[in-house]
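So the sequences go chain by chain: W and S. Numbered by the working numbering, the letters in the first sequence go through residues 1 to 112 in order. Numbered by the working numbering, the letters in the second sequence go through residues 1 to 113 in order.
Quick caveat, the hints were computed from the structure, so don't treat them as lab data. Note that the coordinates shown come from a computational prediction; the quantities given were computed from them, not determined experimentally. Every residue gets a Cβ at the ideal spot worked out from N, C-alpha and C, and that includes glycine. Take the hints with a grain of salt, since some may be wrong.
To be verified - Label pairs and their in silico Cβ distance ranges: (1) S:Q14 to W:V46: 22 to 28 Å; (2) W:S71 to S:N79: 43 to 49 Å; (3) S:G16 to W:V85: 38 to 44 Å; (4) W:V84 to S:L27: 29 to 35 Å.
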Amino acid sequence: AQKVTQAQTEISVVEKEDVTLDCVYETRDTTYYLFWYKQPPSGELVFLIRRNSFDEQNEISGRYSWNFQKSTSSFNFTITASQVVDSAVYFCVSYNNNDMRFGAGTRLTVKP
Amino acid sequence: DTAVSQTPKYLVTQMGNDKSIKCEQNLGHDTMYWYKQDSKKFLKIMFSYNNKELIINETVPNRFSPKSPDKAHLNLHINSLELGDSAVYFCASSPSHGYNEQFFGPGTRLTVL
Numbered sequence: 001a002q003k004v005t006q007a008q009t010e011i012s013v014v015e016k017e018d019v020t021l022d023c024v025y026e027t028r029d030t031t032y033y034l035f036w037y038k039q040p041p042s043g044e045l046v047f048l049i050r051r052n053s054f055d056e057q058n059e060i061s062g063r064y065s066w067n068f069q070k071s072t073s074s075f076n077f078t079i080t081a082s083q084v085v086d087s088a089v090y091f092c093v094s095y096n097n098n099d100m101r102f103g104a105g106t107r108l109t110v111k112p
Numbered sequence: 001d002t003a004v005s006q007t008p009k010y011l012v013t014q015m016g017n018d019k020s021i022k023c024e025q026n027l028g029h030d031t032m033y034w035y036k037q038d039s040k041k042f043l044k045i046m047f048s049y050n051n052k053e054l055i056i057n058e059t060v061p062n063r064f065s066p067k068s069p070d071k072a073h074l075n076l077h078i079n080s081l082e083l084g085d086s087a088v089y090f091c092a093s094s095p096s097h098g099y100n101e102q103f104f105g106p107g108t109r110l111t112v113l
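Pulled out of the complex, with its shape left as it was, chain S reads as follows:
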């Protein structure tokens, strides 16, 4: 019954590794998002997809690549992980882009050692 799910919930990895975070929504929404929340709780949007089309692509390192195989999924792949990538990553979805309320996943806490 989980509306927006993310896996894994925790991810601990070494610098230089490549990792992926998966996100799925079962709400039938057209739009999905990825956010990064740093240790000071500051939230920043990274990407948004509407009907599998990239809409928002904020200034993030190109080591971060979103992939949307279908409307219900938006995965985040990160190459060559760095210490500064440690954060909580939230996935969210909304019926359409931007002006609707968003439903957030539980977050993935990424720790890069």
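Just chain W, with the same shape it has in the complex:
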């Protein structure tokens, strides 16, 4: 079975700081998919990014960037110049072969 570990339960930063959310996954499969979702205080879950196991290119979207490293089984998420609106719980997710696993989530608090 797959497993996703988000070792950071809570992170608190001050606005404009950069912050990295760690995600380590375990799978025996060669084909798999990784995702990040955001859950702001309002409660809804919002998709941020998807990566498949054959695409190790890092991605940048505005202040968000993702670092996918198969060698370390990690899919880390960095927010540059954090803002108060980034405060949320962030989930890393893996999927393969009808097996979907969510990490425990990292609660990010960005203080003004």
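Once you've looked at the hints, dock chain S against the given chain W.
Positioned in the frame of chain W, the structure of chain S alone reads:
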């Protein structure tokens, strides 16, 4: 215009009762899911349906029964509610199973007294 809707948004009920939560998506997606989020924010998939066929059926009590009358609907029926069933239940949909991004409903907060 709501893509994935759930009703009700809040549900307060007594132990032992039977209740249902409804979910509808208007995105034309083939796959729908039910998740449970506990008080510690831990999210776990319960069921998934693809074209009305059950795909994922995680280890949940058989008091929980999903029903998919058509591709746009996936309802969750819960029999003999227990205190431990109190949680937020999320419905989601995706174009196909698993490897696409999912669109989540607003959640249903179930409180069992």
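Now the hints, each set against the structure:
Hint check: S:Q14 to W:V46, Cβ distance near 34 Å, so the stated range 22 to 28 Å is violated. Separated by about 48 Å at the C-beta atoms, W:S71 and S:N79 satisfy the suggested range of 43 to 49 Å. Distance hint for S:G16 and W:V85: a CB-CB separation of about 43 Å, consistent with the stated range 38 to 44 Å. Taken as a hint, the range 29 to 35 Å holds for the pair W:V84 and S:L27, whose Cβ atoms sit roughly 31 Å apart.
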